[in-house]
Structures are given as C-alpha cells and as structure tokens.
Amino acid sequence: MDANSIISSLTGKFPEDIYDADIESDIRTVAKVKPENVVEVCRYLKEDLSFGHLCCEFGADYPDRNEIEVIYVIGSYEHPVILTMKALLPRDNPVIQSVVPVYWNANWYERETYELFGVKYLDHPDLRPLVLPEDMLGEWPLRKDYGGFPNKTARNLV
Amino acid sequence: MDEIVGPSEMIVHLGPQHPMMPGPFRLNAKLRGETVVDSEVEMGWIHKGIEKILESKTYLQGITIVDRICYLAAMTNEEAYVGCVEKLAGIEVPERAQYIRVIMEELSRLQSHILGMGEYASFIGFVSMFMYTIRDREDVMSLIDSVTGARVTHSFLRYGGVKDDLPEGFKDDVAYVFGNLRKAIDNYEELYSTDQIYKARTKGIGVLTADVAKDLGVSGPPLRATGVAFDIRKDEPYLVYKDLDFKVCTQTDGDVYARIQVRLDEMRESMYIIEQCLDQIPSGPLFPENTPYGKRSPVMRVPAGEVFHRVEDPRGEMGFYMVSDGSDKPYRVKIRGPVYPTLQTLPPLLKGVPVADIVAIAGSMDTCTSEVDR
Numbered sequence: 003m004d005a006n007s008i009i010s011s012l013t014g015k016f017p018e019d020i021y022d023a024d025i026e027s028d029i030r031t032v033a034k035v036k037p038e039n040v041v042e043v044c045r046y047l048k049e050d051l052s053f054g055h056l057c058c059e060f061g062a063d064y065p066d067r068n069e070i071e072v073i074y075v076i077g078s079y080e081h082p083v084i085l086t087m088k089a090l091l092p093r094d095n096p097v098i099q100s101v102v103p104v105y106w107n108a109n110w111y112e113r114e115t116y117e118l119f120g121v122k123y124l125d126h127p128d129l130r131p132l133v134l135p136e137d138m139l140g141e142w143p144l145r146k147d148y149g150g151f152p153n154k155t156a157r158n159l160v
Numbered sequence: 003m004d005e006i007v008g009p010s011e012m013i014v015h016l017g018p019q020h021p022m023m024p025g026p027f028r029l030n031a032k033l034r035g036e037t038v039v040d041s042e043v044e045m046g047w048i049h050k051g052i053e054k055i056l057e058s059k060t061y062l063q064g065i066t067i068v069d070r071i072c073y074l075a076a077m078t079n080e081e082a083y084v085g086c087v088e089k090l091a092g093i094e095v096p097e098r099a100q101y102i103r104v105i106m107e108e109l110s111r112l113q114s115h116i117l118g119m120g121e122y123a124s125f126i127g128f129v130s131m132f133m134y135t136i137r138d139r140e141d142v143m144s145l146i147d148s149v150t151g152a153r154v155t156h157s158f159l160r161y162g163g164v165k166d167d168l169p170e171g172f173k174d175d176v177a178y179v180f181g182n183l184r185k186a187i188d189n190y191e192e193l194y195s196t197d198q199i200y201k202a203r204t205k206g207i208g209v210l211t212a213d214v215a216k217d218l219g220v221s222g223p224p225l226r227a228t229g230v231a232f233d234i235r236k237d238e239p240y241l242v243y244k245d246l247d248f249k250v251c252t253q254t255d256g257d258v259y260a261r262i263q264v265r266l267d268e269m270r271e272s273m274y275i276i277e278q279c280l281d282q283i284p285s286g287p288l289f290p291e292n293t294p295y296g297k298r299s300p301v302m303r304v305p306a307g308e309v310f311h312r313v314e315d316p317r318g319e320m321g322f323y324m325v326s327d328g329s330d331k332p333y334r335v336k337i338r339g340p341v342y343p344t345l346q347t348l349p350p351l352l353k354g355v356p357v358a359d360i361v362a363i364a365g366s367m368d369t370c371t372s373e374v375d376r
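Listed in order, the protein sequences are those of chains A and B.
Basically our numbering = 1-based index in the first sequence + 2.
Basically our numbering = 1-based index in the second sequence + 2.
FYI, nobody ran anything at the bench for these hints, they're computed from the structure.
A hint or two may mislead.
Claimed, not checked - Derived pair list, reagent style DSS-like, types lysine-lysine, alpha-carbon separation capped at 27 angstroms:
| no. | chain 1 | residue 1 | chain 2 | residue 2 |
| --- | --- | --- | --- | --- |
| 1 | A | K88 | B | K32 |
| 2 | B | K331 | A | K48 |
| 3 | A | K122 | A | K36 |
| 4 | A | K146 | B | K89 |
| 5 | B | K50 | A | K146 |
| 6 | B | K331 | A | K34 |
| 7 | B | K54 | A | K15 |
| 8 | B | K173 | A | K88 |
| 9 | B | K331 | A | K88 |
| 10 | B | K173 | A | K146 |
| 11 | B | K50 | A | K122 |
These numbers come from a predicted model, not from an experiment.
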C-alpha cells in the first residue's frame, strides 16, 4: 500500500468527513477530519488500511485562528506510510470523541492533552489528570496564552 | 482502581524512587494475599515540561534541552530533533557526518543496553552482574567521551553535520574495547542461560503477545521479543542505515527472558554496525557547503511547516513532531517517547502475578521514567 492509494481510499470512503488531504512524500500524508466522525475514520483506518499503530496524539494551540488542533499521527506495522490527521476544534469549547475504543494507547495521550490543553474527550474511560501537580490543574499550561512561563510555575513552587 | 474489600486486600505503593526504575516512578499495586489483582502507574513526579521549554528556546539551544529527555539515549534524542529541523529546512547532511552520527548513535545504544541488562540483573538480586556491566559500560562511555567530550549529555549533533570529527586512532580504540566487550557479552549470555535461578525468574514470566503489544503501541525490544520485526532503521531508514548490513533481532516468546536476549543480540549487531561504518567511512566535509546553516547558527530561521521524524531509540520508536512558523523558535514540539506506551503494558501484564514478579516484569521493560514525564 502506498500513500496515493491510501489517500484515495480514505477520501472515497469518507467524502464528507475528510478534507484537505494531501501527500507530502511517499511515506507521509496529511488530512483533516471532521471532529464528530473521528472514531469511524479511525476504525476504518485500523481495520481496512492496516494503520494499527497510533504513534501519538496531541494538541497544538493557535490563538490567532481561535482554534485548537488535535493531531493524530498514525503509522502501521505493515507498511511505512504515516498519516497525520488533524481535527480542528474551537478554542473556547474544545470537545471531541475519544478514540480509545479503537486505539487503546490513545488513553494516556488523551489524558495528557486534556490536562495540558483543556480538550475534553467524550466517552473516555478514565479522564483523570496524569502529569500535572494538583495546583496547576485547570490552567492548560501548553496553551499559548498560559500566564507567563516560567514565572507562574516558579510562584507555584515557592 | 477499585476500593479494597476485606482484610485480605491491600494497596502497596512501589516508588517514587524504587530501584526498579531509574527515576521517580510510582506503581500502585492492589494485592490479595500475595497476588496482584490490579495496578496503576502514576506519573508526574518530575514533569520537566520540555515541550513547553522548547517553545521558548532557539533551535540551537533546543539541542541541549532534548539531551536531557533521557540521559541514556541522549544521542538518539538529538538525532530525532535535529532530523526534524533538517527536514523542515531541507538540509542535506554530508556522508561523512552521517557515518559519524551512526557510529555515535550505535555506541549510545550499546551503553544503554549494557546498563539496561545489568540493571535488570540487580533487580532480581543478581547484584554482581550489575557490577560487571557498569565496568564494561565505562569503556564504551570513554569511547563516546573521546569524540564528544561529554559522558551523558553530548550536544554533539548540529544542523547539517556534527560538532567534531573522530579523533586520531579512534578505530584502534574501538577495536580494543569491542574485543573485550565481545568476550564479556558471551560471558553474560552463558551466565544467563545456565543460571537456574535466573531462568526460573524470567522464563514464562510477563508474557506479552504480539497482538497485545501492537495494540498498546509498544516498540523496541519489548515488541521485538514478541516476534514482530519492527525496527525503524529497517522500515524507514534514516542516515546511512540502508547501506549497512545488519539484521533485526527478534525472539518469539515475549517473556522477560526474550526481552533480555533481544538486548544481548542487539549489542552484537550494534558492534557489527560500528565496525562496518569505521571501514566504510569516506573522507569529506562535516557540513554541507553553501548553506546558511553551519556549526554556529544561533539565530537560524526555519521555514514554516510541520514535520514528523522518527528514529530507533534504544527503547523503541522516538519521534518528534515539530511545527515551525518561520521564526527562530519552534512553534510547537511534541515528543513521542518510546517508554510511554511501554509503561501502559504494566497494568495488564501484572494482573495475577505474585508480588515478587512485579519487579522482574517492570524492570525488564528497561523504561526510563524521566523520558515518560518529559
């Protein structure tokens, strides 16, 4: 399977949900996905296109576009193509479906993204804080407008 | 984790700072009698916030930061970070620099595996083995030291090349050290395969099947011990790995013994790779010509774009996702460490094992907690 056939298969199956699909090189493809249907797209990727290896899932904050991107980097144990899939969420209310039912190891990545960016995952089995100390919870420290790194952190520590 | 019921159950906290793991690590195990019924991993003891720090450092300063993600794999961390910038900026690395990078990264893998294997022996009470491995690892560290000038945090790679050339007589030093190390590894293997206590504590313990491992996103030796030949050096070759002859070491059992055996075999492969590199290394420049990037580029700017680059860490798949907005600092860096998914295997693996096997199983993953926490 190569990048071309994967992208055409994906856009053919989900013409509404996948947009801006592009091929960067033989083994790198990018696509954007509508947040409501991310679980179905992931299930199709895993079961039909053998994208069985979720490399990572994380957020990126764009205050000037008022958006938070949730980025899924999905690879495979069978073929070398890696798909970078993005879901664009509004910054004031970022809510998205959890993909834990499909990729089990999204569990910790989603917990981390939740506490660092404030992205709420629906139907996540256990959305508890993972890495932050208790006095920093709810501050979403990896957002760009987080109140002054490192001043705020230092004040918390002392 | 559910509440404890009755006097036969209790929760045991292993760590922070348990000898099982280098670095603060906490595992809460719920025991019924002497059997683990449930467990969970707690993280966040040393959250260094490296992803956030990298956003406020220039690209050149970032190299010193990514070194500190995991001391034992500093060179491969650098390779992943520097490779990202090179992909974004379209820098071509000269062949001699690529060979030097491969040599240093394999030396780094070698010392990491020696320590991982020796440490594991000490977890199950085989402390003298740990002493042997520390002694042998020191020779490899000296080799790295003679090139980079540092023992653990090297800051050796640069965009488009490496900081320094190999010193005079490096090939002879390598030949001398590897001669001793080969004998030592044979000895380790003989000890491991003949020691009855060692076999009783490792064979058939902590069996990870290939399907579960793939589902959890595991990579590196724990995955290869289940029979899956997944190695980024082969699957997605970077640097000059496609010109080198080496095989991906796999085992089929997926238990603790297999994981240690994979590390032993990989050490031999690493030495073989280094020797090939030293034979084949061409002469030439260390930096590409006619580029604005060179040895000193403190305010280099990188074209806007996004890139995901991954390399084979001693512990598995190390990937960096970098977003650049065209300024002299990265806009967003995500570090995909190999230990993060590997630690997620612990709760399912520990279910139903005796309490004495917790250390044997968790230690065999060779996890580096500071890398998980970043």
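| said: Can you confirm whether the C-alpha distance between K146(A) and K89(B) stays at or below 27 angstroms? | reply: Holds, because 25 angstroms separates the two Cα atoms, which is no more than 27 angstroms.
| message | Can you confirm whether the C-alpha distance between K173(B) and K88(A) stays at or below 27 angstroms? | response | violated (47 angstroms)
| query | Given the hint that K331(B) pairs with K34(A), does the C-alpha gap stay at or below 27 angstroms? | reply | holds (25 angstroms)
| message | Please verify whether K54(B) and K15(A) have alpha carbons no more than 27 angstroms apart. | response | Status violated; Cα separation ~38 angstroms.
| field | Proposed proximity, K122(A) with K50(B) (alpha carbon, max 27 angstroms) | value | holds (24 angstroms)
| message | Does K88(A) sit within 27 angstroms of K331(B), going by the straight-line distance between their CA atoms? | response | holds (22 angstroms)
| request: Please work out if K122(A) and K36(A) have their alpha carbons no farther apart than 27 angstroms. | output: holds (16 angstroms)
| request: For the pair we were handed, K173(B) and K146(A), check the Cα-Cα distance against 27 angstroms. | output: Measuring from Cα to Cα gives roughly 49 angstroms; hence the hint is violated.
| said: Need the status of pair K331(B), K48(A): alpha-carbon distance at most 27 angstroms? | reply: Violated, at roughly 35 angstroms.
| query | Given the hint that K88(A) pairs with K32(B), does the C-alpha gap stay at or below 27 angstroms? | reply | Answer violated: K88(A) to K32(B) is near 39 angstroms, above 27 angstroms.
| 27 angstroms Cα cutoff - pair K50(B), K146(A) | Between K50(B) and K146(A) the Cα gap is close to 18 angstroms, so the pair holds against 27 angstroms.
Violated hints for the displayed structure, listed by number in ascending order: 1, 2, 7, 8, 10.
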